[in-house]
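Novice: Please arrange chain B on chain A, whose structure you already have, making use of the hints.
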Amino acid sequence: MLRSLLVALLLCTPLSLAIHESDVGLIDWHKKLIGVPLAPPVVHYAVMNKTTQRVLLVPTSSNLLAALNATDGSVVWRYVFDDSDGIASFHVNGDVVVALSGAGATMMRSFESLTGFLSFEKRLEAPTIELTGVDVIFEPNTGAMFALNTHLITRVGEVQWTWDAPDKHMPYSKLVHTGAALYAVGVSQHTASLHLAAVNPVTGAQINTAWKHLPPSVSSFVVSGDTVIWVVPATESLGFVHLAPSLRESIRTEKTLKWLAVVDVDLRDKELFVGVLTNGEARVLKVQEGGVLESMHAFPVNDGPQALFAGGLDEAGEPYIARLWTSTPKTISVEIYTPGKEVVKTSLPLNTHKHGTVAHLAIDGLRLVITTSTGAIQAWEKDQLVWGREESLATIDVATFVELPLPERIAHVNLEDESFFSRLIRQIEDTQDFPAYAAAFAERFVTGAPPREEVVVSAHDRTAALARDAFGFKQILVTATAYGSLFGLDTASGAVLWTRVFGLGWAGDGVGGVVKPVKIYVVEGKSESEGKDVVVIAQRRANNKLVDTVVFRIDPLTGASVSPFEENTNGLLEGTDVIQGPLTQAFRIPDSDVIILIDEFFQINLYPDTEASVALIAGLAPNLYLPFIENFSNGPRIVGHGLKLDQNLSDKYLAYRTWGLSLPAGARVKSIVKPRVGPVASLGKVLGNRTTLYKYLNPRMFVVLTEGTEESTSRSSGCGVYVVDGAKGSVLYSATVPVPVQGRAGCDLHATLTENWLVYHYYEGEGERDGETKGWRIVTVELYEGGLDEKTRSSDMSAFSADSMQVEALEQSYVYAHGITAITTTSTKFGITSKDIIVATQNNKIHAIPRRMLNPRRLKDRKPTPEEQQEEQLIPYDVIMPDDPRRTISHTYQVANTRQIITSPALLESTSLVFAYGLDLFLTRVAPSNTFDILNKSFNKAQLVLTVCGLALGIVIAKPMVRRKRLRERWYQ
Amino acid sequence: MSKSLEYATLEPASKWRNLPPPPGFSKSSSSTRTSSKTSTAPPPEAYNSIKETRALDFATAPAKSLPMQAFMLYMSGGGVQIFSMGIVFMLLLSPFKNLAGMNDAFAQFAPSTAKNPKAFTTLLVQKLVYIACNALTLAVGLWKCRSMGLLPLGTGDWLAFETRGVAPEISLF
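Those protein sequences? They're chains A and B, same order as listed.
Its first residue numbered 1, the first sequence is counted upward by one per residue in the UniProt record's numbering.
Its first residue numbered 1, the second sequence is counted upward by one per residue in the UniProt record's numbering.
Bear in mind the hints are in silico, worked out from the structure with no lab data behind them.
One or more of the hints may lead you astray.
Straight-line alpha carbon distances no greater than 25 Å define the calculated DMTMM-like cross-link-like pairs of lysine to aspartate or glutamate that follow [to be verified]: (1) 32/A x 95/A; (2) 791/A x 157/B; (3) 516/A x 533/A; (4) 728/A x 772/A; (5) 685/A x 157/B; (6) 532/A x 509/A; (7) 174/A x 294/A; (8) 863/A x 157/B; (9) 829/A x 315/A; (10) 115/B x 57/B; (11) 516/A x 630/A; (12) 341/A x 315/A; (13) 829/A x 57/B; (14) 685/A x 162/B; (15) 791/A x 104/B; (16) 255/A x 294/A; (17) 345/A x 271/A; (18) 174/A x 226/A; (19) 774/A x 878/A; (20) 829/A x 162/B; (21) 685/A x 533/A.
Here chain B is said to cover these stretches of chain A; the calculated rule only asks that three of the stretch's residues, wherever they fall, bring their Cβ under 8 Å from a Cβ of chain B [claimed, not checked]: (22) 531-540; (23) 614-624; (24) 643-655; (25) 690-696.
Keep in mind the model is a prediction, meaning the values are calculated, not measured.
Backbone N, C-alpha and C define an ideal beta-carbon position, used for all residues, glycine too.
Bound conformation, chain A alone (with noise of 0.2 Å):
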């Protein structure tokens, strides 16, 4: 009984490392992204609480709907849909937002616009051939709404029918309601022609369908009012057409103007739209009672490519159609016009080499939101910024951390030339601090205050330099993205430092192109202060399908790049061009700055390509592995290769194949998990009764994750995991798991290996063995050199000798409440503090599982010992890993689709930085085995330095007391 009680409380004990609601903000910061827009944003004005609200509703690539508050640009409300659920549209009405999703878009949700509550779902029917179109409209007052989707109609609402096209080929894709009937119109390519269906909005009766012959070349048309029109381009002349019940109107012409383009600028109830003639120029049109066009603004003739309109209503229901183009490379002008008044000229001093240029334009009034081509979006008000978004912040492709360097004032300190009058003078110049780093000191010691370097409002001081803290807590987050923009954040703020963009080489004149980042490695800087570089391998796609192979080397301070060199931080960030050609893999030496890149044909190309660095690889070539997956024409297989060189075939080293991995029948490489490498701390775990178990610190290991073809979906080839050694490819360890859902190919696998240490995650689903429920599963492996006391000194072990097979894999699984979509160990600066394994789950948020918990140990059959708790924190062995709140690192954020965790080390030994990215950026510090280097925030530091004083005063008084009294006794003893 009390020895039960006893674990209850160790098990107790380190719950209460829950971070606290006081932390929240100072430690961890949480930037809630939405994606890069896919389209111009919705400028939507609702009534809530009787104010009118602004909102722009945004659907972006992340595969979510948005509504940003239009005056602040903060996140109102979200809806992330699955990735089997990909948003196809949606559609607003008053207070209604409609979005249609999913295969063949037959998902349709219906949201509050203000809020987001979600008020339907509903399954539509779905169209028998492929999907052409969808659109939905709202029937005024009913509140009754109608989905057209390819040749189908339905109607939601408290009347619902479905009408279905009795030609199954009629290629719908825009309704009309007017009050006579609802149309349903769509432009077919293939047949050359417009077909036109009305169909009765009460009752989904057909009153007619039609087709009418156009010229092959019409691809696309608008909708003004119940006019449908479109251009013809061989002709360059407008056609439009009424819209009646009878569908008997016949097409009409405009042929008195040359016109390349209609565009639809959202203001079909207003009967306006954009026509763009050859010549530049733009038409404000507005088809008049009796089909007739007419002309209510002219925008002039632009004086560069290109023309963006957009249009949209104010609160009081004018309409503003604005017109944006890129006259020169720098300025970007608008023109915004109003029926009734003065057009409204102006320019956005939009810096093009820091946000990319305009993709999307939408206008709120006089206001006007752009997206541009490097994913941020931004109000402007005349040529002011209203605020901006970086939203290709979800798109993070790599990122690293990168440590701050010291002071400048310490750094600079030569301590081995310095003479002794120079540290003289330098010590008396330092002192004039003193006096107030005394006050700081005496202030933080009474009040328990953090040091000042620590206080993260600090951060949002550009002013301050960028210098390392107390503690390391302030750092460089190094991210590009995959929209070719690279962003330094500071980690205590999650404020944006520097933005740069990256530059095309060659392929920016003219040829234009796709720059992806691959990897990131922190250097050495090559300067003499002690900074980092940052190193960004790219892969930039010019539109010519050439493909090269880029290295950016910039300063994370300043985002500048250092190779080459460039004065200011201006213009677009250019690399240098190492390889002609795609790169197969890119690896860094370790303890050296040195990077090795494989080309297409294998070859090793050398980044910096000094004489150092061949000589480095020169002494290390005969002992270098360097396994990777090859894609061959069967699939994707773990091969590795050694160094060689060859002065026949090439100057440079070449990789050859030295070991291929087979993988029993029907599993296929899915991916290959890197160990986490860190400095280990001690080379065994020892037991309860002294003796230890020696860690298998094979430094060559590395994960294989597996899935089972589509082919061979038995059980026996589900999913697998393997450890394997990376030098001569033997399989240290596997497993097969079974796949998530039984006869469907793809596996949910997620594994983490640090030191001997490996931890993966699956799905079982049901049926899989007897008496086991359906669920996800964390499994703990460690490996060791054998039994007790066992020792092969594998660390330290050739590949090649026989000791090297010899592995004991103690392994134990357990329940899991979650599925997770990423999974790291955290890591401090010595590997003395135990690691915890963090996790982001599928319901968003970021969980930290204790080593303790995970302890492949944990028994089963027994108690554990004193001893064993003592020395191993052994505690009995339960299936169900428990899913305790106060394990959420979290707090209470949305961490959306976090697709990776990084974390690295801060200069107490104690924490660690956890930086989750994904849709949503997420960071804070953990301490796994509490901050047992700093003294507790509750440590009453008062008390002690009373407690002293009073002791002090005490011997004070005291001792000429005792000293008179022993006289005394001496005298009259």
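Specialist: Only chain B this time, still in chain A's reference frame:
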């Protein structure tokens, strides 16, 4: 101030015997009685054998206190606390302290025939017993240390001193 008994005064050869009596104390008045008693008094060899038994008692004294100490150890528990640490230190230190002062401590029991009362060879048997008893105390102390987990006996205690070199092959990831 030493509280040990001066057995030396018992010996006839003692230098104190030849001291003149203090003034006012006559020697003759008592000498008749004493002389009659001295004839019945045991010979000096008997004193030596008494001293030997006393020395043996002294030698086995540490062993006699052992049960009490064992009880105290048992009561102090297995935890590393100030009380148990104090007892363990006492147990570990006192044998060494005793052995260091052994020759001095046994000098008082040295037989009158001994040339050098402080030599190791005098009362050798008793001294060996004394050493054995002290070793017993030390053993109890060490046993206590072991049960507290303070003795570095397992490989786990020496793990921190093991070193490993660098593996000959390097695998890059």
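Novice: So, for every hint listed, does it hold in this structure?
Specialist: Going down the list of hints, with the structure as the test:
1. For the proposed pair residue 32/A and residue 95/A, the alpha carbon gap of about 24 Å is at most 25 Å, so the pair holds.
2. Annotation: proposed proximity of residue 791/A to residue 157/B holds, straight-line Cα distance about 15 Å (limit 25 Å).
3. In summary, the hint linking residue 516/A to residue 533/A is supported, as the alpha carbons are separated by about 20 Å, within the 25 Å threshold.
4. Taken as a hint, the residue 728/A and residue 772/A pair is broken in the structure, with Cα atoms around 38 Å apart against an allowance of 25 Å.
5. With a CA separation close to 11 Å, the supplied pair residue 685/A and residue 157/B stays within the 25 Å bound.
6. The straight-line distance between the Cα atoms of residue 532/A and residue 509/A is roughly 32 Å, outside the 25 Å bound, and the hint therefore fails.
7. Restraint check: the Cα-Cα separation between residue 174/A and residue 294/A comes to about 24 Å, which is no more than 25 Å; the hinted pair holds.
8. Distance restraint check for residue 863/A and residue 157/B: the Cα-Cα separation of roughly 24 Å lies within the 25 Å cut-off, and the hinted pair is therefore satisfied.
9. The straight-line distance between the Cα atoms of residue 829/A and residue 315/A is roughly 57 Å, outside the 25 Å bound, and the hint therefore fails.
10. Distance hint between residue 115/B and residue 57/B is fulfilled; the C-alpha atoms sit about 23 Å from each other, no more than 25 Å.
11. Proposed proximity of residue 516/A and residue 630/A is supported: the alpha carbons are some 20 Å apart, at most 25 Å.
12. About 16 Å separates the Cα atoms of residue 341/A and residue 315/A, which keeps this hinted pair within 25 Å; it holds.
13. Between the alpha carbons of residue 829/A and residue 57/B the distance comes to roughly 62 Å, so the proposed pair goes past 25 Å and is violated.
14. At roughly 13 Å between alpha-carbon atoms, residue 685/A and residue 162/B fall within 25 Å of each other, so this suggested pair holds.
15. For the suggested pair residue 791/A and residue 104/B, the alpha carbons sit about 52 Å apart, so the restraint of at most 25 Å is broken.
16. Between residue 255/A and residue 294/A, the direct Cα distance comes to roughly 13 Å. Compliance with the 25 Å bound is thereby established for this hinted pair.
17. Under the criterion of a C-alpha separation no larger than 25 Å, the hint pairing residue 345/A with residue 271/A is consistent with the structure, at around 24 Å.
18. Distance restraint check for residue 174/A and residue 226/A: the Cα-Cα separation of roughly 12 Å lies within the 25 Å cut-off, and the hinted pair is therefore satisfied.
19. A C-alpha spacing of about 17 Å is found between residue 774/A and residue 878/A, which places the hinted pair at or below 25 Å, so the restraint holds.
20. As the CA atoms of residue 829/A and residue 162/B are separated by approximately 21 Å, the hinted pair is consistent with the 25 Å bound.
21. For the proposed pair residue 685/A and residue 533/A, the alpha carbon gap of about 37 Å is over 25 Å, so the pair is violated.
22. For the region 531-540 of chain A, the stated coverage by chain B is violated: 0 residues have a C-beta nearer than 8 Å to a C-beta of that chain, whereas at least 3 were required.
23. Against chain B, the region 614-624 of chain A contributes 3 residues with a C-beta closer than 8 Å to a partner C-beta. That satisfies the three-residue criterion, and the hint holds.
24. For a cut-off of 8 Å, the count of residues in the region 643-655 of chain A with a CB near a CB of chain B stands at 0, and the three-residue condition is violated.
25. Using a Cβ-Cβ cut-off of 8 Å, 3 residues of the region 690-696 of chain A lie near chain B, which meets the minimum of three, so the contact claim holds.
Hint violations for this structure: numbers 4, 6, 9, 13, 15, 21, 22, 24, all remaining hints satisfied.
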